[in-house]
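Q: So that you can map any letter, position 84 of the first sequence is 84 in our numbering, and since no number is skipped, the others follow by simple counting.
The hints are simulated quantities; they were obtained by calculation from the structure and are not laboratory data. A couple of the hints might just be wrong.
Claimed, not checked - Each computed DSSO-like pair below joins lysine-lysine, with the alpha-carbon atoms no more than 27 Å apart: (1) K404 - K235; (2) K417 - K290; (3) K138 - K183; (4) K138 - K417; (5) K146 - K290.
To be verified - Label-pair ranges, simulated between beta-carbon atoms: (6) K517 - A553: 25 to 31 Å; (7) A194 - G423: 47 to 53 Å; (8) P15 - K425: 49 to 55 Å; (9) D91 - G431: 44 to 50 Å; (10) L252 - K191: 50 to 56 Å; (11) R239 - G513: 51 to 57 Å; (12) L166 - G120: 20 to 26 Å.
Since this is a predicted model, take the numbers as computed values, not measurements. Note that the Cβ used here is the ideal one computed from N, Cα and C, for glycine as well.
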Amino acid sequence: MFWSQLYVPTLRENPAEAEVVSHQLLLRAGYVRQLAAGIYSYLPLAQRSLLKIQQIIREEMDAIGGQEMLLPALNPAEVWKESGRWDVMGDNMFRLKDRFGRELCLGMTHEEVMTSLARGEVRSYKQLPQIWYQIQTKFRDEPRPKSGLLRVRQFLMKDSYSFDLLPAGLDVSYEKHRVAYNKIFERCGLKFIAVEAHSGAMGGSQSHEFMVESNAGEDLVAVCESAGYGANLEKAVSRPVAPATADDETALEPEEFSTPNQKTIAELVAFTGVAATGLIKSVVYVGDEKPYLCLLRGDHQLSETKFSSATGAVEVRPAHPAEIQDWFGAAPGSLGPAGVKNMPILADLTLEGRHNLITGANKDDFHLRNVTPGEDFTAAFHDLRQVAEGDTHLETGAPLKIVKTVEIGHIFKLGYKYSESMGLKVSDQDGKEVTVIMGSYGIGVERILCAAIELFHDENGMSMPASIAPFQVVITPASYLDPAVKAAGEQLYKECKALGLDALLDDRDERPGMKFKDAELIGIPYRITIGKKLPNGIVEVQTRRGRTSADVAISEAAAHVAQLIRV
RNA sequence: CGGGGCGUGGCUCAGCCUGGUAGAGCGCCUGGUUCGGGUCCAGGAGGCCGGAGGUUCGAAUCCUCUCGCCCCGACCA
Numbered sequence: 001m002f003w004s005q006l007y008v009p010t011l012r013e014n015p016a017e018a019e020v021v022s023h024q025l026l027l028r029a030g031y032v033r034q035l036a037a038g039i040y041s042y043l044p045l046a047q048r049s050l051l052k053i054q055q056i057i058r059e060e061m062d063a064i065g066g067q068e069m070l071l072p073a074l075n076p077a078e079v080w081k082e083s084g085r086w087d088v089m090g091d092n093m094f095r096l097k098d099r100f101g102r103e104l105c106l107g108m109t110h111e112e113v114m115t116s117l118a119r120g121e122v123r124s125y126k127q128l129p130q131i132w133y134q135i136q137t138k139f140r141d142e143p144r145p146k147s148g149l150l151r152v153r154q155f156l157m158k159d160s161y162s163f164d165l166l167p168a169g170l171d172v173s174y175e176k177h178r179v180a181y182n183k184i185f186e187r188c189g190l191k192f193i194a195v196e197a198h199s200g201a202m203g204g205s206q207s208h209e210f211m212v213e214s215n216a217g218e219d220l221v222a223v224c225e226s227a228g229y230g231a232n233l234e235k236a237v238s239r240p241v242a243p244a245t246a247d248d249e250t251a252l253e254p255e256e257f258s259t260p261n262q263k264t265i266a267e268l269v270a271f272t273g274v275a276a277t278g279l280i281k282s283v284v285y286v287g288d289e290k291p292y293l294c295l296l297r298g299d300h301q302l303s304e305t306k307f308s309s310a311t312g313a314v315e316v317r318p319a320h321p322a323e324i325q326d327w328f329g330a331a332p333g334s335l336g337p338a339g340v341k342n343m344p345i346l347a348d349l350t351l352e353g354r355h356n357l358i359t360g361a362n363k364d365d366f367h368l369r370n371v372t373p374g375e376d377f378t379a380a381f382h383d384l385r386q387v388a389e390g391d392t393h394l395e396t397g398a399p400l401k402i403v404k405t406v407e408i409g410h411i412f413k414l415g416y417k418y419s420e421s422m423g424l425k426v427s428d429q430d431g432k433e434v435t436v437i438m439g440s441y442g443i444g445v446e447r448i449l450c451a452a453i454e455l456f457h458d459e460n461g462m463s464m465p466a467s468i469a470p471f472q473v474v475i476t477p478a479s480y481l482d483p484a485v486k487a488a489g490e491q492l493y494k495e496c497k498a499l500g501l502d503a504l505l506d507d508r509d510e511r512p513g514m515k516f517k518d519a520e521l522i523g524i525p526y527r528i529t530i531g532k533k534l535p536n537g538i539v540e541v542q543t544r545r546g547r548t549s550a551d552v553a554i555s556e557a558a559a560h561v562a563q564l565i566r567v
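Produce the complete structure using the sequences and hints provided.
A: Written as structure tokens, this is what we have:
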């Protein structure tokens with residue numbers, strides 16, 4: 001490709017609307033343009049890069065026996081009603097009606113359509129297992145699209161679905177995907193981690209997320225490199241920081257004391273002189289419209305996901321102050337387990353075996369001291385606590401750190417959720433009908449591009465991995481007016497193409513500085529500059545990442561770059 | 001949905017408070033100049049100031065409504 005014929009509208013300044021780096025650079029480097037909130041047009045550079053990403057995904061999916069299909073993005077309501085998700089998806093689903101008033105939606109994921117397809121086709125256990133996938137546009141009416149291509153309303157997703165006769169088969173399909181995903185993200189040049197993910201309210205199913213560390217991300221994960229542990233914060237477990245002081249284990253009776261206007265943990269710590277670890281935090285949550293009193297150590301936070309798992313509740317929300325007043329006869333800030341009979345009491349595991357703690361008295365402006373879990377109140381103990389900075393790995397005690405990440409892939413053992421609700425069954429060896437067990441596996445295609453930019457950029461622009469860069473090498477004749485330089489550029493371009501390199505020749509009549517700036521902005525990993533040293537048969541090969549360069553004989557230049565890319 | 005910010009040539013922004021003929025830089029076009037890190041000079045095109053209504057002799061500027069975009073939060077299969 002010749003640059004003069006390629007549409008690359010680079011901008012000198014960052015567009016005002018962009019805040020995260022990948023968004024700024026995608027706009028500045030002329031990769032994308034925005035049409036509306038969360039809706040983008042992909043210009044030639046983005047399209048080239050995205051096609052390369054898709055090709056890598058395709059090759060690795062095919063390698064595990066995946067079969068590519070393409071399902072409709074426009075879905076009838078019926079299949080979604082069958083699975084129950086027509087209602088569950090709520091406002092996140094784009095819905096429309098056809099001319100006859102029939103309800104349709106734009107697909108936000110394809111479990112339903114895939115299951116519907118499979119149940120019409122697959123009859124026998126002999127046809128299993130199957131892995132079916134597609135790379136397709138998904139539509140989600142996000143409440144708040146943001147961060148450029150990271151959270152959008154229309155995006156490309158590779159979604160695959162496995163169908164197996166038995167759970168052991170699902171394990172195999174899942175493992176195949178895990179391996180394939182690792183290969184895909186490695187080939188895309190990303191630095192990523194696979195972490196345990198929350199598996200939803202059904203429980204039992206396994207799930208992993210593939211994450212790239214980035215401040216632009218929205219997910220927090222806890223990682224411990226030395227223990228090889230990583231988990232989404234929703235799911236993560238840890239060893240908490242030990243209480244600041246040992247408990248007085250004398251058997252003491254609870255004793256009410258006055259705490260005027262002391263509501264928060266911080267205020268109580270200041271008021272009583274007792275460390276937060278010596279306090280019980282009382283949080284009232286509503287799960288599926290039933291109230292629960294959740295008790296945590298003063299310095300801990302409730303994990304809504306763990307609360308949901310502990311109670312089995314699907315709809316989870318904090319109680320309203322008015323509800324609390326009604327149930328406890330006191331306002332938040334003076335709550336505790338004492339005398340609570342009208343709702344279940346859940347206590348975090350860190351409270352088990354503690355003695356003589358401080359908690360609210362369920363009486364405004366009063367607290368109780370000397371409250372001992374198990375003696376002064378009974379509670380069901382669960383892991384309810386969100387892992388916090390400073391915690392250590394549960395088994396090894398090695399430090400955990402909490403990092404912000406972008407989710408680029410998610411693999412999930414679905415189990416029987418869709419096959420059961422939608423009736424996907426096959427005959428087994430004995431001619432008995434058996435419900436098929438499924439897995440579903442997603443990759444956000446644009447997020448790979450974003451993550452690569454977030455990971456690899458500097459003040460000059462992007463520094464794309466060679467495997468997914470729009471071009472692998474740019475040939476930059478310092479001046480296209482010099483006939484010798486121009487001829488050498490064109491010759492070198494031919495040599496690169498002959499070696500199978502995806503090359504771009506900057507044939508524009510621009511000053512060299514401008515060409516260098518543009519090439520670095522759009523992130524082409526290698527640049528061959530033809531200029532001053534041409535009379536000696538020398539050109540310069542620059543590596544974008546780190547901006548190191550080497551003088552190479554012009555006859556060797558193409559092969560030299562090919563060599564660099566292969567490594 | 002709650003809170004905040006912003007809409008002025010393609011891009012970045014000034015002008016608005018205190019109403020009076022719409023500006024700058026970059027980009028674009030023409031001519032010249034220059035040619036290894038976003039050359040320099042000269043000339044030129046391009047905007048009914050997001051939209052609607054109102055106040056006023058007069059509105060980019062003041063008021064009301066509305067649309068859009070961004071950020072924080074809520075939400076997130």
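Q: With reference to the structure, classify each hint as holding or not holding.
A: A quick look at each hint next to the structure:
1. K404 - K235: Given pair K404, K235 holds - Cα atoms ~15 Å apart, limit 27 Å.
2. K417 - K290: Holds: K417 and K290 sit about 25 Å apart, inside 27 Å.
3. K138 - K183: Given pair K138, K183 holds - Cα atoms ~24 Å apart, limit 27 Å.
4. K138 - K417: Roughly 21 Å between the alpha carbons, so the hint for K138 and K417 holds.
5. K146 - K290: violated, 34 Å
6. K517 - A553: 25 to 31 Å: holds, 27 Å
7. A194 - G423: 47 to 53 Å: violated, 33 Å
8. P15 - K425: 49 to 55 Å: Given about 53 Å between the Cβ atoms, the range holds.
9. D91 - G431: 44 to 50 Å: Holds: the Cβ-Cβ distance is about 45 Å, inside 44 to 50 Å.
10. L252 - K191: 50 to 56 Å: Holds: the Cβ-Cβ distance is about 53 Å, inside 50 to 56 Å.
11. R239 - G513: 51 to 57 Å: holds, 56 Å
12. L166 - G120: 20 to 26 Å: Given a distance of about 22 Å, which is inside 20 to 26 Å, the answer is holds.
Hints 5 and 7 from the earlier list are contradicted by this structure; the remaining hints agree with it.
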